Every structure is written in structure tokens, then in C-alpha cells.
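4 protein chains.
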Amino acid sequence: MTLLQGIFSAIVTPFDQTGQLDIKALKTNFSIWNKTGLAGYLVLGSTGEVVHLEEEEKLEVLKVARQSIPSNMPMIVGTGLHSTSATIAFTKLAAKCAADYALVVTPHYFKSSMTLAALNDYYQKVADTSPIPVLLYSVPQFTGLSLSPELIAKLSEHPNIVGIKDSSGDMRVLMQTISLVKPTFSVLTGSAPILYPALAIGARGAILAVGNFAAKLCYEIFQAFNSKQLELAQNQQLKLLALSEQIASRYGVGGIKYAMDILGYQGKVVRSPLLMPDETAQKAIQTTLNNFQL
Amino acid sequence: MTLLQGIFSAIVTPFDQTGQLDIKALKTNFSIWNKTGLAGYLVLGSTGEVVHLEEEEKLEVLKVARQSIPSNMPMIVGTGLHSTSATIAFTKLAAKCAADYALVVTPHYFKSSMTLAALNDYYQKVADTSPIPVLLYSVPQFTGLSLSPELIAKLSEHPNIVGIKDSSGDMRVLMQTISLVKPTFSVLTGSAPILYPALAIGARGAILAVGNFAAKLCYEIFQAFNSKQLELAQNQQLKLLALSEQIASRYGVGGIKYAMDILGYQGKVVRSPLLMPDETAQKAIQTTLNNFQL
Amino acid sequence: MTLLQGIFSAIVTPFDQTGQLDIKALKTNFSIWNKTGLAGYLVLGSTGEVVHLEEEEKLEVLKVARQSIPSNMPMIVGTGLHSTSATIAFTKLAAKCAADYALVVTPHYFKSSMTLAALNDYYQKVADTSPIPVLLYSVPQFTGLSLSPELIAKLSEHPNIVGIKDSSGDMRVLMQTISLVKPTFSVLTGSAPILYPALAIGARGAILAVGNFAAKLCYEIFQAFNSKQLELAQNQQLKLLALSEQIASRYGVGGIKYAMDILGYQGKVVRSPLLMPDETAQKAIQTTLNNFQL
Amino acid sequence: MTLLQGIFSAIVTPFDQTGQLDIKALKTNFSIWNKTGLAGYLVLGSTGEVVHLEEEEKLEVLKVARQSIPSNMPMIVGTGLHSTSATIAFTKLAAKCAADYALVVTPHYFKSSMTLAALNDYYQKVADTSPIPVLLYSVPQFTGLSLSPELIAKLSEHPNIVGIKDSSGDMRVLMQTISLVKPTFSVLTGSAPILYPALAIGARGAILAVGNFAAKLCYEIFQAFNSKQLELAQNQQLKLLALSEQIASRYGVGGIKYAMDILGYQGKVVRSPLLMPDETAQKAIQTTLNNFQL
Chain A
1 MTLLQGIFSA IVTPFDQTGQ LDIKALKTNF SIWNKTGLAG YLVLGSTGEV
51 VHLEEEEKLE VLKVARQSIP SNMPMIVGTG LHSTSATIAF TKLAAKCAAD
101 YALVVTPHYF KSSMTLAALN DYYQKVADTS PIPVLLYSVP QFTGLSLSPE
151 LIAKLSEHPN IVGIKDSSGD MRVLMQTISL VKPTFSVLTG SAPILYPALA
201 IGARGAILAV GNFAAKLCYE IFQAFNSKQL ELAQNQQLKL LALSEQIASR
251 YGVGGIKYAM DILGYQGKVV RSPLLMPDET AQKAIQTTLN NFQL
Chain B
1 MTLLQGIFSA IVTPFDQTGQ LDIKALKTNF SIWNKTGLAG YLVLGSTGEV
51 VHLEEEEKLE VLKVARQSIP SNMPMIVGTG LHSTSATIAF TKLAAKCAAD
101 YALVVTPHYF KSSMTLAALN DYYQKVADTS PIPVLLYSVP QFTGLSLSPE
151 LIAKLSEHPN IVGIKDSSGD MRVLMQTISL VKPTFSVLTG SAPILYPALA
201 IGARGAILAV GNFAAKLCYE IFQAFNSKQL ELAQNQQLKL LALSEQIASR
251 YGVGGIKYAM DILGYQGKVV RSPLLMPDET AQKAIQTTLN NFQL
Chain C
1 MTLLQGIFSA IVTPFDQTGQ LDIKALKTNF SIWNKTGLAG YLVLGSTGEV
51 VHLEEEEKLE VLKVARQSIP SNMPMIVGTG LHSTSATIAF TKLAAKCAAD
101 YALVVTPHYF KSSMTLAALN DYYQKVADTS PIPVLLYSVP QFTGLSLSPE
151 LIAKLSEHPN IVGIKDSSGD MRVLMQTISL VKPTFSVLTG SAPILYPALA
201 IGARGAILAV GNFAAKLCYE IFQAFNSKQL ELAQNQQLKL LALSEQIASR
251 YGVGGIKYAM DILGYQGKVV RSPLLMPDET AQKAIQTTLN NFQL
Chain D
1 MTLLQGIFSA IVTPFDQTGQ LDIKALKTNF SIWNKTGLAG YLVLGSTGEV
51 VHLEEEEKLE VLKVARQSIP SNMPMIVGTG LHSTSATIAF TKLAAKCAAD
101 YALVVTPHYF KSSMTLAALN DYYQKVADTS PIPVLLYSVP QFTGLSLSPE
151 LIAKLSEHPN IVGIKDSSGD MRVLMQTISL VKPTFSVLTG SAPILYPALA
201 IGARGAILAV GNFAAKLCYE IFQAFNSKQL ELAQNQQLKL LALSEQIASR
251 YGVGGIKYAM DILGYQGKVV RSPLLMPDET AQKAIQTTLN NFQL
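Residue numbers (this note's numbering), protein chains in the order written: chain A, 1 to 294; chain B, 1 to 294; chain C, 1 to 294; chain D, 1 to 294.
Only chain A is shown next, with the shape it has when bound in the complex (with noise of 0.2 Å):
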């Protein structure tokens, strides 16, 4: 197994105008990412809407996705659910659908009960059984509950458990991280707003949601970091994260999609709850393409 790094981009899933999956979208999408220097895709993450699809709707995905990514790109699949049971057996599904890596959010319903005990032993029952290598995913925007570093250096020592994608935009815990991993184990930021300062500090890539529309910047600035073009590198960063917080952070998935559908791609619509954005927003979105030229 090759290490995993570079710009992975956490896909949305299109809904069409009466809320049902839009495969055309999809696939439109990408046959447009595969030519932007995208390492691979996380499919069916929070982005992705994965708590808003039913179980066969995640297969249809599923199944499109991996006709549309070229086979030398890693195929990620978030597959984490609340039961540990339910977890490991969608795992197992991903993995016939192909998937390369199963992303395993941590379980967060019941946040105080969830110790260093509770997390460890889901994990490692997970990694355990599931047939593809598995990504620890920290994300407390979302689950109000974080993975530390002392955890997750102690996960990183099973074989089965690869990677992580962190979230959580916390400088300390990813430098943190890295200082207690081996060199093996993928430290991956999900955080626009770090990923210059992330990989300085040894991350080796990043799994992003803006990603889906300004996937070429995400690249250009991995880029700029190797070859060590740390001006260039500097300004991008100060671009994406401009893009990042006015349109991912303010407006969600929502405004994700928004932008996605100036920028010629088939972002769609999203589900309820999720509201697309009203036209103060969509301004909003559209006057911030314009500013950052994208």
C-alpha cells in the first residue's frame, strides 16, 4: 500500500429539484475534478450528506463513483455509523463496492460516555474485521468530539488503521499528532483554512470540502510547499482561506453546491434540513468567486 497524500477533495452528493439523487450530476462532476490534480475523492462524507442517504442510495453512489475515478486514484468511503455493529458491517459493503479506504468518524451521539476506553475499543473492533485499511476521522464542527493525540497515536499502531483526516483546524493537536505517529501513518488536515501551515509541519496532505469547487487552488498550494515557493504558497493559502470561511464555513453545503453551480459544475440542491442560500447569500458567494478570480 502505497502512503496516502496530496489533495483529496470530500465530494457533495447532487440532489435534484424534487430531492432525489442526480447520478448525471455526479458523474458530470467528475469527469471535470479528475483533471485538476486531485490525489482522490472522499465519496459519502459529511459533505457527501451520508446522514441524509439511505442505505441503497449510498450504494448507488458508491458504485457511480467508482466508475468515475480512474483506478489509480484512491477511492475513500466515510463509513462510520452510531452502533459499532452497523459500522463494521457498511464497512464490509464499502469494501465490495470497491472502496480503498474506509473514513470511520468517531461515534459521538452519547459525547460523555465516548472515553479514551470506549473510543479505542470501537476502533480497534472496527479495524479488526474491516477488509480495507481504515482513517481515523476527529471532526468536532460536526460531532462536538475530538480524537487526541495521545488516541490517536495509540490507534496508529494497529496495522489495519492507516490515516487520519482531523478537522478539528487545531494547529496543537495536528503538530501533536505527527510528533507521536511513525512516518507511515497519514496525517491528513480537513481544515482549508491550515493547509499551508499543515503540511510545513509535516501533514501529507489534505481531505477538503472546497475541494469540490477550487480544487486547482488546494493543488496549486501542495504544490507550492514541495518546491518550496513559500510566497506563492503564502498567498494562496490567504485565498482559500478567504474562499473557505465566506463560502464552506458561513454558507455549508448549501453554499458549497451554490458555488459549485457558478463555477460549472453540478453542485444541485441539498436536503432538509439543509437550506440552499437565500440571494443575500448567493450574492454573497458569487461576489467572492468574483474577488479571488476563481
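Read the hints as simulated data drawn from the structure, not as lab findings. Small disclaimer: the values here were computed from a predicted structure and weren't measured. Hints may contain errors.
Each pair may be met inside one copy or between any two copies, as identical chains are not told apart.
Unchecked claim - Computed cross-link-like contacts, DSSO-like style, restricted to lysine-lysine with a CA-CA straight-line distance of at most 30 Å:
id: 1; residue 1: Lys216; residue 2: Lys228
id: 2; residue 1: Lys125; residue 2: Lys111
id: 3; residue 1: Lys92; residue 2: Lys228
id: 4; residue 1: Lys239; residue 2: Lys228
id: 5; residue 1: Lys283; residue 2: Lys24
id: 6; residue 1: Lys283; residue 2: Lys154
id: 7; residue 1: Lys228; residue 2: Lys182
id: 8; residue 1: Lys96; residue 2: Lys35
id: 9; residue 1: Lys35; residue 2: Lys239
id: 10; residue 1: Lys182; residue 2: Lys239
id: 11; residue 1: Lys125; residue 2: Lys283
id: 12; residue 1: Lys283; residue 2: Lys63
id: 13; residue 1: Lys239; residue 2: Lys154
Put chains B, C and D on the given structure of chain A with help from the hints.
Chains B, C and D only, in chain A's frame:
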């Protein structure tokens, strides 16, 4: 429809050692609970580990619960899911299973997107389509999200939204809510530590996890307050506070199930990733129960 | 020493338009307050802008306050400063000015260093050397730091520590404290929004900023509870909640002073960096006072 | 005025065993620090326990510091106090003591009253009257309050406000600030754990508490980044992270002083309520220093 008031238990779902639903245990529990002064039940709530149940398991629990709950006692059912369409569909199923009320938790995965507009839209759609009256459910310790008194007041104008379970334990929120809603809207606390204070400032009752093993104590507080036996209410409340903090808050659903086992109920085991109390925790729970002669 | 109980006002320090102490205004205020049912006063507290006063100004305020406060009404003085030695020195000065009690706020600049050991050491040293009884003061909204019920209980064993002003507004903390301390230790809330609930679960009274302009209302709640007029207590409490939230919480000391001016007191102006309410805020305060016929 | 850049140390104030200022120790420290590559000093900052000093002690520290600091190295002085008038008065005193810059912490006791308007008004008044250039100081871990990038940008337009020490450690805030201010406004981080990332995205340098005992390491990171030795910068940064977390963050000023003593400086003791590290903490600090060969 009569006003929802009194003490309700947010019941656990017992599982056997193999992790399967234990229907016999559930029936045994009802046979005891029905004699404790409870006004009714919440089935498939947070404490019922609803997030760990498959749909067919939920339906089985509802069937058994309805058979076990006297027809004059309301059966409230937790029906909230991530997407609006899934919530609506399951609320209809619960109504078919003779649920009296649907308790609908705030959608919460995309926390920062759950604006007033999004939450209002969600609850209006659910209430418009629900065959049974809807109760709002605000439980920030699990969801990381609170309903504001202003939004609760707005939603309380919908003819099919008849009350709220507020588990925040925040007296200000509770008082502001009570100030803003009409008297026929049932404000129920979900926080045992503030039961008596909540009643004092106008809550109609409570839906409580500690109702699983301390229903009588809760009922005594309700009665003591209503009969102006204030010193008794205060003393029993301080006892309830300690029980709630030392068992339910500290050890979660596993702690509640273990306490139930000690007291003659059949709590049985939790589903992973939840863990049952370890030996130290077991002793602490036993000591707490002894200290308060429960 | 008799038990500290009843409603105390945390009085403002009036400044004139040039920013100087306005002693005449202070005397006028006392002449009104003394007829409102208050049990006593807190001088040089947070609301008294103690942090904005030079030492000689503090001594002048104390002199005037002691002259204005009937000898049978306790004068509590805020004496906490950053270093232990400074706190001890000023506590001795306050005692010389005939203060009855010293209210000692938690040291808080080095928050993460304020361990249980550090706080315990601090309060032991202050209490050991204070010529007058000490009250603990926990006010996380200003200090970012809370005293835990366990530490309060430990400190309550010191013969010279006789009570606490807990301004957290957290009912659980208040109840746990009351559970742990001896009956002669006075637990007073500093949070007007929970006055009635606090009394219901055993608080002896309150030290309140809203006492500056709504002392009578606070006293009515105290009396109503003591005479078991529970509906009256509830109704007045909901009124007090609104007044406290809409004036004191929203507009701070400047809001309180402006409300005082409207109601015949002499609040006068605040010291910079605090600001007086702007025109919009002034109208809102006037409206609130009208709404509640204060 | 040349641009403020490089590594500055936020120096401790040594006290002897009786709690008195230890001027000799202070002089000794400067004689070592002056050879470490530091660009200058912050005197009377948080780490200098400025809140524990009387005014005459502050003036004595300034006199000695100015004598000990080479004239080509800037002496920055912490001058912020609670009231605007007190801050202005002490800033003028510091200027008389030949301070080069005044570092002015956000007023923070009345946190919820420190609106954008109040903070803007405060800093405008201080900057208007200060004889020396002003640096903003945002340190939420001590004050519970952050300066927003928007306010910093607004204040940066004042000709006498020339930079900021941002100790939040929040990369987004730092990056947004750098995006918004002119290039001549010095953005300095006060957070050692993010020194290299901060430099990478455009910070001009840092003012650091760990500069007391690890100035050389900080300087190496600064130099390594400037000469594009990125792997060296990363490795030294991970070392600095560990030192900062395990000594400064965990044990505060007492930990820093103890580490200084081990390394040949004269940290001496802290003033109560701060405590020196206990025996366990002392061993942990010694081990950390050994591990990193400091």
C-alpha cells in the same frame, strides 16, 4: 387532548449478552414501572439508544411498549432522524404503532447550518405532516445544539406542536420559554437535577432518564411541590441531584442499566460503542444507591 | 455573628460627567435603598466598578457607605486583588473602615494556574489574616473561573469563611454546594434570574446588581417564597428574569446606571472603557421598565 | 521607526524567597539573554507577573531593564490596566522610563461589555495620548476575550498603533489579521506552539514566554524559516511545541522559573497565589529538559 404533565420515564432498551433486543426484560420493566406514579413513557429516546437500533427493531420495541403501557398513559415516541423526509416517514410509522406523541430531536449533524430558518422550516414540515402531536426536543449535551426560547415560542403557535422536552438544564432558557409560550404548551424538563426548580417556575413536569430506576423519588418531588411541602421537595431534590450526577451523568446509559439491575429491574447491557460500567464504576453505583437508600 | 440572609444590593459607584466620584449621588441612593427591604449592601463589588477605582477612592466610598448604612445592616466589602499580599492588605483596610464582611473574588488572571491547591492556599491565607469574616466570590462571567462545590465545602470548614456569593447562575453548582456545606454557611446567589429557584433549594438569599434599581421586586420574591405564596414568587421571578436579562445582562453597569436615573436614583456615568447605553439602548431600557411597571 | 520583527522574550520578574523583587537576578538573566539572538524584550507582561506588582516595583523593574537592554534592542512594556485613565497614565510613565513600545492588553473584567465600540474607543484614546507607539495585545487564555481581525484592521489605521501580539494561538485569526492589515503593521504571535506556522503565513516574529529559557531554539526556528531550511524549522518547531506544552502551558510562570533555574538563569520564585512546581512537577520539567537536550 389533555395537557401533558407529570413525570415521564425515558426508558432504556434492554439488550441481552449477545446484543439482541431483550423483549422479555422490557416487559418486566414495564410491569414494575407501571406502579411507580409515572404519568407515561418516552420510548425510543436518547436513553433508549434509538441511534443503535435498526428500523425493524424500533417497530418491535413500539409494539411491545404499546402492549405494556396502559391506554390511559401517554406513549411518547422519539422519531427524529437526520433528514426531514426520514423524520416524517418514521413519525408516520410511530403513529401507526399507536404512539400518542412524537418527540422530535433537533437535527444537528450540520450544527452551524441549523439556523433559526432551517430549524423552523424543519419543524413546520414535520408538524404539518405528523398524524400525532409533536413535542420539540432540545438536548445540547447530545446534539451540541439548543433551541432558543424565541424559536420555541414561534413553533408553539403551530397547532400540532404541543410541548417541549428541554434537557439543557439551563434554568434561564426554561424560564424564558415559560414566559413566552401559552399556558397550554407543555414545558417539560429533561434534566433531573433541576426538577423541583423547574416545577417551581412553571414547568408541567419532566421526561427523565433516572425515571428508569428512581421513578418514585421523582414522583415524590412532583407531589411534594404540588402540595407545597417545600422542605420535602428540597430534600428529595438534593437526593435526586446526587443520584442523577453520580449515576446517569457520570456513567451514562450503562450506569442507568447497571443501577436498574441492582434495583430489581432488567437493565441488561448496552450496545457498543457504549460500555457497561467497569468494576470501579459498579462499586461507586452500588455505594450511591446504598447512600440514598434506593 | 448572625446568619447572613436576605437580599443584598451590589451597589454601583456613581461618577460625575468628568469621571470623578460623585459622593452626593451615592448618599442620595442610600437614602432611597434603605427603605426597600434590603438586608444589607455589597460595596466595591464588580458592579461597583472596583477595578476602576484607585485605593484612596475606595476608602472614600467605604467611609460614605458606612455612614449611610444603618448599623444593623451588614456592609460587605469587595476586597479581592490579584496577589495574595495585596488582598490581605486591603482586607485589613476594609476592616478598619468598619466593613462587616470581606467578599473575596477568586484570583483569576493566571486561570490555568488556579488549581484547587492554589485557590485553597489563597483563601486559607486570606481567611487566616482577615480581621472580619470572609465570603467567597465565584463569578465566572467576569473571571472565567468557577469555584467547585468540593472546594467551597473544604473552605467552608475554616472558621473565618462564612459564606459564598455564587454568581455562576448554575443551579447544579448551587445545589451541590448546599448539599455539601453546613447549615450555618450562607450560600447566596449573585444571579437574579434564578433567585426564586435558588431560595427553593436552600440558598439563604442573594447579592444582586439589579438590587440597585429593583430592590423591592427582589424583596417581594424573597417574602413570597418564605410565606409560600408560590404563584406570586413565580410571577415576580419571571418579571425579574426579564428585567435582569434586558437591562443588567444586556447593557452591563451602564444599563443599570441608566435605569437608576430613570427611576429616581442617581446612577450617573460609568468609567471608560465601559460605555453608557447609546440612544437605541436607552429606548430599550425605558421600554423594559415601562413594560414591567417599575 | 524600523519594523518590529524577530523573537522577543516576555521576561519573568524574579522574586526572592521573601517575595521581594530580586534585581540582581534580573540583571543576571539579561546578561545571558542578550547573547541568544533575541531581537528585544517585553517587560511587565503577563509572564512578568505585572498583576502582582505595585507601581513603584514596576518602575524599578523598568529602570533595571532599560539599563540592561542594549539601546539597539527594543524594550516593549506592558502598560494596560483596567480603566482607560489608569492605562494612559502608566503608558506615559513607561515612556518616561525609555520604553520603546507600549503593549496594551484588552480591558477584560467586564467581558460582555467589551463590545467592538468599547474596545475601539479604548484603544483610540490610549493611542491618541501615548508618547510611544502602541502594540495591541490579545491573550484570551488570561482575559477570556479576543480581538477580532476586523477590529485589529480598523485599529491598525491609527498612526500610533503599529502592531499586535496575538497569543490566541488561533491560526485562522492570525491569517485573517495578516490578510487585512498593511505590511508595515507587525503581527507577532505570542504562541510558541505555532511559531513556524505563524512565520510561514506572514507573521513578523513572536513575543514568547518560553523565550525566558529557550530563546536560542526560538531563534533557530526564525532563522531556519528565513533561510528556507524547512525540515530543520519543522523539527525544531516540534521540539518547541513539546517544551512549551510540557513546561509553560502545564506549569505556568512557576514552571518557566523552575526551568530557568535548571538552565543557569535565575528564575527564582513566583508570588502567591501562583505556586512553584511541586516535586512531581519538578521531576517532569527536568525530564522534559533532558529529553530535548536543552
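Right, here's what the structure says about each hint:
no.: 1; hint: Lys216 - Lys228; result: both (18 Å within a copy, 25 Å between copies)
no.: 2; hint: Lys125 - Lys111; result: both (19 Å within a copy, 29 Å between copies)
no.: 3; hint: Lys92 - Lys228; result: neither (41 Å within a copy, 46 Å between copies)
no.: 4; hint: Lys239 - Lys228; result: both (18 Å within a copy, 22 Å between copies)
no.: 5; hint: Lys283 - Lys24; result: within (27 Å within a copy, 57 Å between copies)
no.: 6; hint: Lys283 - Lys154; result: between (47 Å within a copy, 25 Å between copies)
no.: 7; hint: Lys228 - Lys182; result: both (24 Å within a copy, 25 Å between copies)
no.: 8; hint: Lys96 - Lys35; result: within (27 Å within a copy, 51 Å between copies)
no.: 9; hint: Lys35 - Lys239; result: within (21 Å within a copy, 39 Å between copies)
no.: 10; hint: Lys182 - Lys239; result: between (32 Å within a copy, 16 Å between copies)
no.: 11; hint: Lys125 - Lys283; result: between (47 Å within a copy, 27 Å between copies)
no.: 12; hint: Lys283 - Lys63; result: neither (35 Å within a copy, 51 Å between copies)
no.: 13; hint: Lys239 - Lys154; result: between (36 Å within a copy, 21 Å between copies)
In summary, the numbered hints that this structure violates are 3, 12.
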